[in-house]
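Now for the letters of each chain:
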Amino acid sequence: MSQELIKLIDLSRCTACRGCQIACKQWNELPASRTKNTGSYQNPPDLQWNTWTLIRFQEHVDRSGSVKWLFRKDGCMHCTDAGCAKVCPTEALYHTEFGNVSLNVDKCIGCKACMYACPFGVPKFNAATNKIYKCDLCYTRLQGNQPPACVLSCPTGALQIGPKDTMLNKAYKRVKELGGDANVYGDKFVDGTHVVYVLPEKAEVYDNLPKDPKIPLQIIVWKEFLKPAGLMVAGAVVAGAFLHYITHGPKMPEEETTSEGGTTS
Amino acid sequence: MRKGLIKATRPFERVVHWCLALSCFLLCITGMGTMYHSLNFIGAVIGGMANLRMLHHYGGLFFGVSLVVAIGLFWKEAGRFSAKEDWPWIKEGGGFLWHVENIPEVGKFNPGQKIFFLVVALGGAAMLTSGLLMWFPLSFSKQLVRTMYVVHSLGFLFIFAFVFVHLYLVTIGAPGSSPAMFTGWVTRGWMKKQHPKWLKEMEKNGTLEVYGGNGGNKTSSS
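Heads up: the sequence lines are chains A and B, in that order.
Using numbering that gives the first Met the number 0, the first residue of the first sequence is number 0, and each one after it goes up by one.
Using numbering that gives the first Met the number 0, the first residue of the second sequence is number 0, and each one after it goes up by one.
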C-alpha cells in the first residue's frame, strides 16, 4: 500500500472525549506534563513536544446570540507543500509514500527553523533532547496497514483515514448534509493537506486555525530565492574574475621589482 | 626576506586578518553544509550535522570577536572616505576595469578596499546579529526570526561573492599582494603600482621600513 492518504476529521461528530489525545500519547510513548487548571477542559493548553494532538475547547457566540461549544482536534496537517520539510537542513522532516510528513528524530539538530516555517505552529521543541517533535501520522502503523492510533481510538467516527479521493468525497458529502456554514478545510492551500477537516463553522471562528494558511513570505524568499541565488552569484563572480583576467588582465607590479628590491629610474 | 622589501603590515594586523579570514572560511563551509542538502556530507566528516551546527555557532562567535577587533583596527584608515581623494579613483574604476593611463593616486587603502572593508564590517555585523537570533530564536517574535533567515542568507550571498572577488584580487588579479598577508614585506614595485601615495607619504614621514636597512637601495635621497 503506497497511495496518498488523508485523515479526515469531521468535527461535527467530535464529542471531545479526548480518546485520540490519550491514544496518541500511549502509542508514541509520550509522557504527560503537569499542568494547572485554567478553567477549561482544554489540557494541556497547547500542543507540546510530548502532546502531538490536542482537543481545543472553545465557547463561541454565533450571530443569533446562542452559545456553541466548539471542539477541534489540533495537530499536524501534513501539508503537501510543507514549510517544515522545506526548511529542514538535514531532511529530518520528510514526505513519505503516503504523503504525510514524517520525522526522523535522529537526524534533527534542533535548529528550530521548522517552528518558524509551519503555518500552523505544529513542531514543538524539547530543550532536554535539543530536538523538535510532532505528529508523524503514525507512519510505522501506516506501513503496517494499520490506522493511526487516534483514528483507531475514535468512538464516533469523527476520525477516518483512507485514500485521498475517497476521503475528500466523503468530506464534501458530509458538508452538503450539514449545510449552513459547514465547509471542507485543507484541500485548498499549501497544495492540499493530508489532514482535512469538516468544519461545522467558518474557519475564522476557530481559535488558532489560520483562515488562509501559507508558508511565510520570508521562508519562501529564503529557500526558493536566496538559497539558489547564493551559489549562482558566486559562480557568476568566479566566471567574471576569469573573464577579467583574460580580457583586462591583472594589475602587475612595476617592472623595477627585482631581487634587489628595485631602484627607481 | 630579500633586501629592499618594504614593510606593509604589522604582525597584529596580519593575525587579526587571518582570524577573520579563517573563521569566515569555516563559516562558509559549515553554513553551506547546513544550507544545501547535497553538502550534508560535510557534517558527516565531523561526526554529524549537530556538530556542524555547533561548529558554525562557535565559529560565528570567533568571527564576531575577530570582526570587532578588525573594525577597531582599520576603522580610521579604511572606514573614512574623502571625496577629494577617492572620487577620481572611483571614476576611473581604480584602473581595474578599463585601461587608465594614470591611475589617480590614493593613500594606504584605495576606495575599493574601503568599500570592501565597509561590506565586511556591516555585512559581518548583520550576519552576527541575525546568526545570534537564529541560534536562540525562542526568545524572539516569529516575524523577527523569519526576517533574520532572510538577512542571514542575503548576507551569505554578498559575502560569498565578495570572497571570490577578494581571493582573485590578492592572487592572480594583483600579483605581489599576498606577501602583505603572509610576511608583511612587499616589493617596492608593487607598492609603486598599488599604493604610490602611501609610499610617498611614508617616505616623507620617515616611517618607511625597508628590509636590510634604509641605506641600501633607498630612494629618499632625491
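These aren't lab readings, by the way, just hints derived from the structure by calculation.
Be aware that one or more of the hints could be misleading.
Only pairs whose alpha carbons sit at most 30 Å apart, straight line, appear in this in silico DSBU-like list of lysine-lysine [to be verified]:
#1 Lys85/A / Lys196/B
#2 Lys107/B / Lys201/A
#3 Lys250/A / Lys191/B
#4 Lys83/B / Lys213/A
#5 Lys24/A / Lys175/A
#6 Lys141/B / Lys222/A
#7 Lys6/B / Lys141/B
#8 Lys213/A / Lys2/B
#9 Lys106/A / Lys141/B
#10 Lys250/A / Lys85/A
#11 Lys250/A / Lys75/B
#12 Lys172/A / Lys75/B
#13 Lys35/A / Lys141/B
#14 Lys196/B / Lys210/A
#15 Lys107/B / Lys130/A
#16 Lys187/A / Lys141/B
#17 Lys123/A / Lys90/B
#18 Lys250/A / Lys2/B
#19 Lys83/B / Lys2/B
#20 Lys83/B / Lys24/A
#21 Lys83/B / Lys250/A
#22 Lys141/B / Lys250/A
#23 Lys203/B / Lys226/A
#24 Lys250/A / Lys90/B
#25 Lys191/B / Lys2/B
#26 Lys250/A / Lys203/B
#27 Lys210/A / Lys130/A
#28 Lys107/B / Lys141/B
#29 Lys130/A / Lys106/A
#30 Lys250/A / Lys107/B
#31 Lys35/A / Lys163/A
Each pair of labels, with its calculated beta carbon distance range [what the hints assert, rightly or not]:
#32 Val64/B / Asn27/A: 42 to 52 Å
#33 Ile28/B / Arg33/A: 23 to 33 Å
#34 Thr37/A / Phe80/B: 41 to 51 Å
#35 Pro174/B / Lys213/A: 49 to 59 Å
#36 Thr37/A / Ser140/B: 17 to 27 Å
#37 Phe224/A / Gly211/B: 47 to 57 Å
#38 Asp164/A / Ser140/B: 16 to 26 Å
#39 Phe181/B / Asn27/A: 52 to 62 Å
#40 Gly46/B / Tyr171/A: 45 to 55 Å
We put the beta carbon where it would ideally sit given N, CA and C, even for glycine.
(request) Would you list, in rising numerical order, the hints stated earlier that this structure does not obey? (result) 1, 2, 4, 5, 7, 8, 10, 12, 14, 15, 17, 19, 20, 22, 23, 28, 31, 33, 34 and 38
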